[in-house]
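Participant: Chains A, B, C and D are the protein sequences, given in the same order. So the working numbering is basically just the index in the first sequence, starting at one, shifted up by 55. So the working numbering is basically just the index in the second sequence, starting at one, shifted up by 1487. So the working numbering is basically just the index in the third sequence, starting at one, shifted up by 12. So the working numbering is basically just the index in the fourth sequence, starting at one, shifted up by 3.
Every clue listed holds true.
Covered by chain D, according to a simulated footprint, are these stretches of chain A (three or more residues, beta-carbon under 8 Å):
| no. | region |
| --- | --- |
| 1 | 85–94 |
| 2 | 104–112 |
| 3 | 115–122 |
| 4 | 125–132 |
| 5 | 173–184 |
In silico lysine to any residue, SDA-like type, Cα no more than 20 Å apart, as pairs:
| no. | chain 1 | residue 1 | chain 2 | residue 2 |
| --- | --- | --- | --- | --- |
| 6 | C | K63 | A | V61 |
| 7 | A | K217 | C | A96 |
| 8 | D | K38 | D | L61 |
| 9 | C | K63 | A | G175 |
If the Cβ cut is set under 10 Å, some of the chain A residues that face chain D in the computed set are:
| no. | residue |
| --- | --- |
| 10 | G58 |
| 11 | V61 |
| 12 | N82 |
| 13 | T98 |
Because the hints were derived from the structure by calculation, they are not lab data. For clarity, every value in this text was computed on a predicted model and none was experimentally measured. Every residue, glycine too, gets a C-beta built ideally from N, C-alpha and C.
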Amino acid sequence: MIGEAVAFYVLAAITLASGVVVATSPNLMHSAIALVPTLLGVTGIYILLNAEFVAGIQVLIYAGGITVLILFVIMLTEGGTGLRVRQRNEQVAIAAAVSAAVAALFIALAGRTPWAQGAGTLPSYTPGAIGQNFLGPNLLLFEGTSVVLLVTLVGAILIARKEAGE
Amino acid sequence: MTSVVWIIPLLPLAAFVAVTFWGERLPGRGAYVSIAGIVLAAVGGLAVLAEAAAGARADVTYTWIAAGSRPLVVGFVVDPLSAVMLAMVGCVASLITIYSVGYMAGDPHYPRFFSYLSLFQFSMLFLVLADNLLFIYIAWELVGLCSYLLIGFWFERPSAARAALKAFIVTRIGDFSMMIGILMLYLRTGSLRFDEVFHAIGTGSLGGPFLTVVALLVFGGAVGKSAQVPLHVWLPDAMEGPTPVSALIHAATMVAAGVYLVARAYPLFLLSPGHEALTVVAYVGGITALAAATMGVVEDDLKRVLAYSTMSQLGYMMLGLGVLGYSAGMFHLITHAVFKALLFLAAGSIIHAVATNDMKRMGGLARSMPVTFWTFLVAALALTAIPPFAGFFSKDAILLAAYAHDRVLWLVGLVGSFLTSLYMGRLCWYAFAGEFRGGAAGGAAHGDPRESPAVMTVPLVILAVLAIVLGWVGAEAFGDPFGHFIRFEGVEAPAGNSGVLLLSVAVAVAGWIAAGALYRWRLVSPETLTGNFRGLYTLLVRKYYVDDVYELVFVRAGAGVVWAAGAFDRYVVDGLVNLIGWLTGRVGSALRYVQTGREETYLLLAALGVVVIVLVRLVW
Amino acid sequence: MITLTHYLVLSALLFALGLYAALSRRNAVAMLMGIELMLNAANINLVAFNKYAAPGAIQGQIFALIVITLAACEAAVGLALILAAYRRFETTYVDDLNLMKW
Amino acid sequence: MPWYVEALRAVVGTIVIFSAVAVVAAMFGVLLERKVSGWIQSRIGPTHVGPRGLLQTLADTIKLLQKEHVVPGNADPAIFASAVVIVPLAALLDYVVVPFGTTRWGPLVFRDLNIGVLYFAATSSLIVVGILMAGWGSNNKYALLGGLRSAAQMVSYEIPIGLVLITVALLAGSLSTVTIVTVQSHLWFIASQPVSFLIFLAAATAEVNRAPFDLVEAESELVAGYFSEYTGMRFALFQLGEYGEMFAMAALAVTLFLGGWHGPVLPSVVWFLIKLYALIFVFMWVRWTFPRFRIDQLLNFSWKFLIPLALLNLVVTAFFVMVVRR
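With the rest of the complex left out, here is chain A:
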């Protein structure tokens, strides 16, 4: 149990510390790279929560896919390492206040709500359970997501490709 606590606090610290870098770093590239430990921290949290399959997917899709895409776009659109551009807009103060308020309120809500302790146990082999669930009760969700993926594939290509005349 104490191991779980240690693990949780270490992971939370990694997640939040690199999250702060993501949110505040004046260097866009640092932000994007700091996204990797943040996402890996969240992955660790998933493992603590016995969601190994979600964790694997998180690394594969987020760390290996989305982050790479983001890095790619930054590399394509930013001038170079030396360039310094103002990254904050003029509403940064009020944004900070609102974000802090949101965090405080959510924490207050989480603390005050008497969460029900559910019955039952998690399945020991989650990938199988998830697969059964996706092809059973959540089939519509699954198929809908695949349609969204297809549309995204076509749409992203259509948007990002060079026009014939350009």
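Using the hints, position chains B, C and D against chain A.
Facilitator: Frame of chain A; chains B, C and D shown alone:
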């Protein structure tokens, strides 16, 4: 055949689809397909008639819409009434379609004509077979549409386009009344099938003044479609259409649909308290018969004379049904369909030859167009009820029924009969006797009129034979098989009365003689007559001023209402809309400063909203 | 002893960081990263609720997977849009993309 | 199991992986590469250090350790330095799920994760991040281009690999590497899935940036790609990552298709190593035999050929699994 009777209307429908889409590429530019469709339908109709005569009855129903407790059951019925109509419509339409091949030859829109014709045939057969008011109404509107399309077939002529519009709008008035009647019936009985409606009348759940009102509303549709007073104004104008159309739609079939409807829904009229509905039917018919005949006497346009004659004869049919002459009215419908179609087709043949409708510019055609002349004469004699031609038996039966039921109506019929002979005599003397008076204005190059081709004359001959022999199926001498076949339980034809019979024949012959005296031998000059009775003449030429009154009351008043509505729309409605638009614009330009066009601002406001909501939830 | 509340607090903080990034950044890519942080925070909630509030069902993880999938879609389309905008306007800073502004 | 035992196991495991794989496998791999290339090119290769040049790589490593760390001017030092850690780390993390053999106490694997092959795909995809960081952090246009190419290439080839993993998992009915090996005791999957094996081999070659798919570090075009600016031990760490990843991919191929540790007479670990080095030899053989592709050919090959083929293969396999297993 009776159980698959629904195939019969589908044949012309298939022809319609084929000719519409592939008209130019089909054999005979679509005409042969159209003819094949209707001839097959006619053969089927004759088969059905034979089976029905042998006692076969059928009612093919199915549930169209299962709407709760009131399922909409529709279907097709085969009984003597529909079988006779089916055979009549099929045969007459076949002959007219064949005739059209000759008449329409060379028209640039040849396939379109046959596609419309097939659509009309489908609609008419559909109407005849319907066993419920819903199908009747659908078919009613379809034949109305075809009538509109065919009257306006030469729509490049403004008069044709206007006539088509007039026909459509005037009949719509009747249709509207009919629709209200049908809806009232449905609300009361929960069914539109004739069986069930009649059953409701039988059990007494439908009756009293309500029944009378419903019957009269339904009769309104018949008034419009059969060109009865006061909705008769469209039929003379409808002569703008091609002559086969006038023969098929505006003489033989569609205008008879009103009569058919009354016959089909006969219990509705018969059982209204005190015969009120039937009395109205009879008087409307009588007035129409007389008024149309008087107008026919002063008309110079060949086809319009025939149109007035049609109105008049339809009036006779209504009169017959109204005075309890159920089989007499239907018999007149059948015989009239044959000889009036013949008259129109012969008139078409004449017009084809002389290129004018004005009978005063014809003359002497008996020599140059013998077939046309003889067939026309047969039809005219049939129309004027000269024995032994078809019209004699049917009209005589009507007059007999009127005599037995209501002497006033009998007198009206008798006067009408005289007038019928008068105008038909006038027509015949003008067109066929004497010397040729030139044909179309500036049509000198046309030369002498020639007989029409065989494709036109053969149908004429067939119809002429029918016009002679068809009446015998209703003759007392042969045991009146028609009257036994088509009759309504409880409404029996009165016994023959030789005095009445002789009187009506005498009156008819008198009409012919009077016409001859006036227009052939000039014993009294027509001009003298018109001079002496100038007021009456003008009244007749102006068609009793009905068109003018309608023009004044409906068209002008309508224009006024339209103008007022337009003004209201333009200034009040548009003003309000524009005010709202202007206000929205002003408010928008005031509020646009809130729209920063920056996503962060919106997101910030959304987050603020979340904060507020959560705060409220926490504090409250 | 780590309870559900621990995870919820972590999630709230991560969400606030993401919100701050999305609200205060000028660069579209950086805003997208903020959105990803928020989605991750939501996912933590889903998985934590699945474990603590409804361990009998797998629904929370299912939702988390769907969210991850849709996040990938959103990133793909979003980055494609950013690239297209960059090609057209030569900037990825959203306050410079003001063609539609009044 | 108390938490400190877990922690201890993790530390020991890390040390074992690092020493066994990094020091022995990767170093020996480099030597092997040179020997094989020499053999193919009718040369001798390194001979001087140690018997028949066996210690050459060790000597190189020592030399590199002594060298200076050069950081290019205007480079981003944090990114530049951390990229070096990520690439070998991600490569070494793969070995957690590789089953080297079996003993009487159970399979010889660090953790038999129930998401085994998924874990493998996930960790190997992290290498791209390190390569991109190296490319960006160097502030060098060749390095940047190498990084971008690498990102495009690895993201493209991850998809056929993922599809092949799904196909194999479908056949084995599990994602766990140990289970996958266990079900191959009678029939290796290379027999039932030859197409998958070829797809995997091609995609793995591209994934580890080896010729003929080595566009990322093509010497003649990009100097040395993303690690042009790296010197000394940092350069050695990249080499470690690269060879580590290559060995990991070969080990995965053995696990997935060649029956893992299964084999007659010899101990299971030996069988595993024999198969592993046979595959490594194939990789090297291919490298020194085929010329390099162009980048567009490379990407087209993945998107227009490998992915559709892998999808088709997946569908067919799924069909047969559904039909035959019922």
